[in-house]
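Peer 1: This is what each chain is made of:
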Amino acid sequence: MAEVRLQNVNKSFGNVTVIPDLNLTVPDGSFTVLVGPSGCGKSTLLRTIAGLEMPTSGQVLIGGEDVTLQEPSNRGISMVFQSYALYPHMTVEQNIDFGLRLAKIPAAERKERVAEAARILALQDHLDRRPGQLSGGQRQRVAIGRSIVRHPKVFLFDEPLSNLDAALRTQMRVELAQLHQSIDATMIYVTHDQVEAMTLADQIVVMNAGRIEQVGPPMELYEAPQTEFVASFIGSPKMNLLPGSAIARDDVRTVGIRPEHILVDRTGGDWAARTQVVETLGADTIAYMVADGLGDVTVRLPGHVRLKAGEQLYLTPERQNLHLFGQDGRRMKEAA
Amino acid sequence: MAASAPSQVYSAPGRRLSLTERLRLGLNNGRISATLILLPPALILFTLFVMLPLGESFYYSFFNWNGYGVPTDFVGLQNYQRIADHSVFHVAVGNTVKIVAVSLFLQMPLALLLALLIYRKTPTNAFFRLVFFLPYILAEVAAGLIWSFVFDGNYGVSASLAQSLGTEPFFILADRDWAFVAVMTVIVWKYFGFHMMIYIAALQGVPEDLVEAARIEGAKRPQIVRYVLVPQIKPAIIVSAFFAIIGALQVFDLIIPLTNGGPSNQTHTIVTYLYTFGLTRLNIGFGSAVGVILFIVAITVAVFYQRFFMKRGQS
Ligand SMILES: Nc1ncnc2c1ncn2[C@@H]1O[C@H](COP(=O)(O)OP(=O)(O)OP(=O)(O)O)[C@@H](O)[C@H]1O
Ligand SMILES: [Mg+2]
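Going line by line, the protein sequences match chains D and Z. Here UniProt numbering is used: the first residue of the first sequence is 1, the next is one more, and so on. Here UniProt numbering is used: the first residue of the second sequence is 1, the next is one more, and so on.
Please keep in mind that the hints were generated in silico from the structure rather than gathered at the bench. Remember, it's a predicted structure, so these values are computed and weren't measured experimentally. Yeah, the Cβ is synthetic: ideal placement off N, Cα and C, and Gly gets one too. Mixed in with the good hints, there may be bad ones.
Derived pair list, reagent style DSSO-like, types lysine-lysine, alpha-carbon separation capped at 30 Å [to be verified]:
1) Z:Lys98 x Z:Lys190
2) Z:Lys234 x D:Lys111
3) Z:Lys121 x Z:Lys190
4) Z:Lys121 x Z:Lys220
5) D:Lys333 x D:Lys238
6) D:Lys104 x Z:Lys190
7) Z:Lys220 x D:Lys111
8) Z:Lys234 x D:Lys104
9) Z:Lys98 x D:Lys153
10) D:Lys308 x D:Lys238
Each pair of labels, with its calculated beta carbon distance range [unchecked claim]:
11) D:Asp125 x Z:Lys234: 21 to 31 Å
12) Z:Ala142 x D:His192: 31 to 41 Å
13) Z:Lys121 x D:Asp125: 13 to 23 Å
Take the sequences, apply the hints, and build the full model.
Peer 2: Following this line, the structure appears as structure tokens:
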């Protein structure tokens, strides 16, 4: 078990600075999810923690120990790659066993640990196969198995589920949550997927262009995004970001309102709008509208509400759920 | 299941259609016409330039014939008998075996080592790759001439070396015991770059993830090479070994300018033996017999190698 701490980490490739100056604490035993747009430096950060990249300056501490100059294998970490990175020429068992063999752990104990991992991940029947003979989900499990047998203090995952189909992704997500509960190690997890971030994380780190925009529990980011960027990034469908004029406030640059926090009425309301496209999802209905003088507004309604494209309606945002952002793009202290 | 179902016309799914059925159903996708159009040129060329000369050599090998006129002096297996009894042929076969051994156990490991050092794409590595590959691009005869100059004890590089060391000049290519060592050195120098390039191409195809995963698992560089990189490029190694063996059987044009088979016929290979005792002495029948032997050896090696290594490497 170990806390991971990054202190003033800078990472540049040649004269391209990917991470300018980053400070982050990942609490012991937490499930921390890194999210952010493509190319913002999530993988680079994860690889820096792993020791596959050396920070240009700054320190990486794991369990209070400065490991900045340590080899990856001496950091007590393990990593699951997006591509799984299984050895095609080895069987599942040999893949899982590889690190233990290198560490010269006695055969009996190795066998025991591999068996345990195989049991946790339901791989017992596949130990003699090669990765090429497995399905995507099974390969993913082998990659996880390879990392748990070494009993690392910190697990690193770089988009581990992105190569799986939707159904399998949901299943593996649940399995990962269970794994975290049962082995109780620190986990740092990179993803593009909103749902993975919201459901798995104790703590979400939103990154943008190598900087941290906000760190906090999922609901805190959802309820009180500190910047316009976080507001637009967390939640699906995206939060509506409208000019301050929408609520007649000059000091507000942007006002944010989530699609689920807008009331729709046929007779009257704050904003007149016309329905463009309606998506019926069953439990929800998502309506894409254009409000007069404001632009696009997305609204989420209960599934039983029937709207037609082209319909003229009135929208009223819930006052208590407005998010106000000042001229600097940051959340304004006062409520609306 | 009704016997009169219309699907009967196309036969049950899963059953392979016979050729006549496919023809009747027009299911050949133009494959047959493509075969009829594309096959003859290759077939004719192969027959003209490979099969015919081979058959001719085989025929000539039973004659005592100097290459002029029509072979008439049929001698049966006498040519083969003479080859089998000829001590120089034994030396040539031994030398060829030595070249195979040196190629497999010295040249290939050397090529692999260098490939591992310089396979990553950096400007410095590109430079070294070019340098190491240069000998391979050089014409064999030119390489032979360059090295005969290097080894020359009177005027060559080794002469200056001996002079600066204050020792007697050494004529390695004229030394019965050492000449072939020198020849093998030149062979390794000439061809290691080829194998190195095969390995470099293969190593560049190994996903970097695998290497990084191994580092995280605690593998040091030698272990990464042994457990990850080498197994990953095994098919390339198998192919390169095949080229090494077949190439070793055919070494010829390096040796002619270097030693011409001397001193006292100690540095012949099978092909220089064929050239010297068959062609230059106008014993075409005898030379043909050597050629037939060489062909049988090469084809046997190729077939066995394919059977035992190539197949497994692919699966
Ligand atoms: N080895 C490298 N050399 C040069 N630039 C690099 C290198 N690795 C990453 N970068 C750059 O660093 C930036 C961040 O890359 P990184 O892979 O960390 O992004 P990411 O957030 O993981 O994106 P994605 O979500 O697409 O995986 C990118 O602009 C990328 O081009
Ligand atoms: Mg990435």
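Peer 1: Verify the proposed pairing of lysine 98 of chain Z with lysine 153 of chain D, using a straight-line Cα cut of 30 Å.
Peer 2: violated (55 Å)
Peer 1: Straight-line Cα separation of lysine 220 of chain Z and lysine 111 of chain D no greater than 30 Å?
Peer 2: Status holds; Cα separation ~23 Å.
Peer 1: Keeping to a limit of 30 Å between CA atoms, is the pair of lysine 308 of chain D and lysine 238 of chain D held or broken?
Peer 2: holds (22 Å)
Peer 1: Hey, lysine 98 of chain Z versus lysine 190 of chain Z, does the alpha-carbon distance stay inside 30 Å?
Peer 2: Cα-Cα ~16 Å, so holds.
Peer 1: Against the 30 Å threshold, does the CA-CA distance of lysine 104 of chain D and lysine 190 of chain Z hold or violate the hint?
Peer 2: violated (42 Å)
Peer 1: Compare the distance between the alpha carbons of lysine 121 of chain Z and lysine 220 of chain Z with 30 Å, and conclude whether the hinted pair is satisfied.
Peer 2: Distance of about 21 Å is within 30 Å: holds.
Peer 1: Regarding the pair lysine 234 of chain Z and lysine 104 of chain D, is the alpha-carbon distance no greater than 30 Å?
Peer 2: At roughly 26 Å apart (the allowed maximum being 30 Å), lysine 104 of chain D and lysine 234 of chain Z satisfy the hint.
Peer 1: Mind checking the alpha carbons of lysine 121 of chain Z and lysine 190 of chain Z for me, to see if they're no more than 30 Å apart?
Peer 2: This hinted pair holds, its Cα atoms lying about 24 Å apart.
Peer 1: Regarding alanine 142 of chain Z and histidine 192 of chain D, is the given constraint of 31 to 41 Å on their beta-carbon distance met?
Peer 2: violated (58 Å)
Peer 1: Is 13 to 23 Å a correct range for the gap between the Cβ atoms of lysine 121 of chain Z and aspartate 125 of chain D?
Peer 2: violated (42 Å)
Peer 1: Taking 30 Å as the top limit, are the C-alpha atoms of lysine 333 of chain D and lysine 238 of chain D close enough?
Peer 2: holds (22 Å)
Peer 1: Check whether the Cα positions of lysine 234 of chain Z and lysine 111 of chain D lie no farther apart than 30 Å.
Peer 2: holds (28 Å)
Against the hints set out earlier in the document, violations occur for numbers 6, 9, 12 and 13.
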